[in-house]
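Trainee: For the record, the sequence lines run as chains A and B.
Taken in order, the first sequence gives residues 91 to 333; the numbers are from this note's numbering.
Taken in order, the second sequence gives residues 91 to 333; the numbers are from this note's numbering.
Treat the hints with care, as some may be off.
Unchecked claim - Think about it this way: if two alpha-carbon atoms lie no more than 25 Å apart in a straight line, the pair counts; the simulated SDA-like pairs of lysine to any residue are: (1) B:LYS173 / A:ARG333; (2) B:LYS160 / A:SER265; (3) A:LYS160 / B:SER328; (4) B:LYS173 / B:HIS270; (5) A:LYS160 / B:THR187; (6) A:LYS160 / B:ILE267; (7) B:LYS160 / A:PHE332; (8) B:LYS160 / A:GLU276; (9) A:LYS160 / B:ASP271; (10) B:LYS160 / B:THR187; (11) A:LYS173 / A:GLN157; (12) A:LYS160 / B:LYS160; (13) B:LYS160 / A:GLN280; (14) A:LYS160 / B:GLU248; (15) A:LYS173 / B:GLU248; (16) A:LYS160 / B:GLN280; (17) A:LYS160 / B:HIS188; (18) A:LYS160 / B:LYS173; (19) B:LYS160 / A:TYR266; (20) B:LYS160 / A:HIS275; (21) B:LYS173 / A:GLU248.
As the list claims (entries may be wrong) - Pulled from the structure, derived: some chain B residues nowhere near chain A, Cβ distances all over 12 Å: (22) ARG153; (23) GLU156; (24) ARG221.
If you are wondering where the hints come from, they were derived from the structure by calculation, not from laboratory data.
Only a predicted model underlies this, so the values are computations on that prediction, with no experimental measurement involved.
Where a beta carbon is used, it is the ideal one built from N, C-alpha and C, also for glycine.
Protein chains: 2
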Amino acid sequence: MLTITGVAGLPEIVTGDDLAALIIEHGDVADGDIVVVTSKIVSKAEGRAIELADVEPSEFARRWSEQWEKDARVVEIVLRESKRVVRQIGPVLITETHHGFVCANAGVDQSSSGAHDRVVVLPTDPDASARRLRDGFGAAGIDAAVIISDTFGRPWREGQTDIAIGIAGITPMVSYIGQHDPHGHEFRVQEVCVVDELAGAAELVKGNTSRVPVGVIRGFAWTADDTATMAPVLRDSSRDLFR
Amino acid sequence: MLTITGVAGLPEIVTGDDLAALIIEHGDVADGDIVVVTSKIVSKAEGRAIELADVEPSEFARRWSEQWEKDARVVEIVLRESKRVVRQIGPVLITETHHGFVCANAGVDQSSSGAHDRVVVLPTDPDASARRLRDGFGAAGIDAAVIISDTFGRPWREGQTDIAIGIAGITPMVSYIGQHDPHGHEFRVQEVCVVDELAGAAELVKGNTSRVPVGVIRGFAWTADDTATMAPVLRDSSRDLFR
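Could you put the whole structure together from the sequences, leaning on the hints where they help?
Mentor: As structure tokens, then:
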């Protein structure tokens, strides 16, 4: 059996907060758990909020923003957080972030930024963020894997789901490659991206408006790997039929 | 707290089996639970296995299969299960099924079909399949929502995840539209497709090779809706930037 428990009661996170310590204080984290942390509080702890007053939009950002009644400073930040624009159709701006995530507005979040005149951007290196959290749990004597999650849309389907953007300690995929069924057929399923399923599962206890930014998953037999990163999950654009 | 429990010990499913009764017999299903059922056993119970010997491939199927060393009869079935080909690049065949799902090989599964010379295709109407299962639980006095799940790939990311292909009794989305944070900003997240997250969460206890084709999720406060279908999840191609 697998259990998922939300961690509530965390204070409003500010730059420099020790998230691992706060999660241990307010939640129940034990050896073998997977701690799923909403990227927004990681960004806040890492000072990844940007004051809009400090942003000078480019001419490209300004013209497009006027056309679609957007805040040009926010669009400028989206472009800065991106290495390329994947789709820019109508008011929709889907980009590939510097990390390699394809998502709307490069994950830039104007809501819940803690102030009206700033936005929160994704952590610079979410795997490193996850690693620091895992090390923080380790320092308290707890061997827990960490997943940093965010809420992304997807092609073909309406609605968003939470997926992993940074990991530490856990292999992202479970592979069935080379395995066969009793009749000798290779499995149709080749590799399951369990860290995305774990991130989505944790969203079910976190929700998006409630102050439950952390979910603790217990009872999943993860494959420990302290070199694991999100790299194997990010499809290279040369292999991608939809970018 | 949310718990997810696998249902093991089901017999090999054959056409006509009463899946709801078998799940109740082998698992623990109670009022308020969400029962996630792997589509493959639903297909088998509904007689959706196709004997390859009965299939006459079209010339299109035959020529493409020769080029990529595929079984032309399986390719023929994939095309019959599809309303259009979305991508056909190298040996990859991604189609839109008659239901509106975009996936590799129309979900046709040659493994675990129970025989070497047949394949299992997706249920004809997965919402109706879910409805029959929900009614079956209801007949036993249990008010449980049902999700039929399958394992699909996705653009941009390696690995597959389980998502919902049919539902009964549960609203597929949780909407945040029109809600604002304390600073008056609309939430970046608009609608969360919880049935996909629930399907992925159940995969974590089911796995793909083990004989655990059902997961029971307890403790999720779902929105009951006996008219709910997958329709709101399937993005219309006119709104889709990646089809």
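Trainee: Would you mind marking each hint as holding or not holding in the structure?
Mentor: So, going through the hints one by one against the coordinates:
no., hint, result
1, B:LYS173 / A:ARG333, "holds (23 Å)"
2, B:LYS160 / A:SER265, "holds (23 Å)"
3, A:LYS160 / B:SER328, "holds (24 Å)"
4, B:LYS173 / B:HIS270, "violated (40 Å)"
5, A:LYS160 / B:THR187, "violated (37 Å)"
6, A:LYS160 / B:ILE267, "holds (18 Å)"
7, B:LYS160 / A:PHE332, "holds (23 Å)"
8, B:LYS160 / A:GLU276, "holds (13 Å)"
9, A:LYS160 / B:ASP271, "holds (18 Å)"
10, B:LYS160 / B:THR187, "holds (20 Å)"
11, A:LYS173 / A:GLN157, "holds (23 Å)"
12, A:LYS160 / B:LYS160, "violated (50 Å)"
13, B:LYS160 / A:GLN280, "holds (17 Å)"
14, A:LYS160 / B:GLU248, "violated (33 Å)"
15, A:LYS173 / B:GLU248, "holds (20 Å)"
16, A:LYS160 / B:GLN280, "holds (17 Å)"
17, A:LYS160 / B:HIS188, "violated (38 Å)"
18, A:LYS160 / B:LYS173, "violated (38 Å)"
19, B:LYS160 / A:TYR266, "holds (20 Å)"
20, B:LYS160 / A:HIS275, "holds (13 Å)"
21, B:LYS173 / A:GLU248, "holds (20 Å)"
22, ARG153, "holds (21 Å)"
23, GLU156, "holds (20 Å)"
24, ARG221, "holds (21 Å)"
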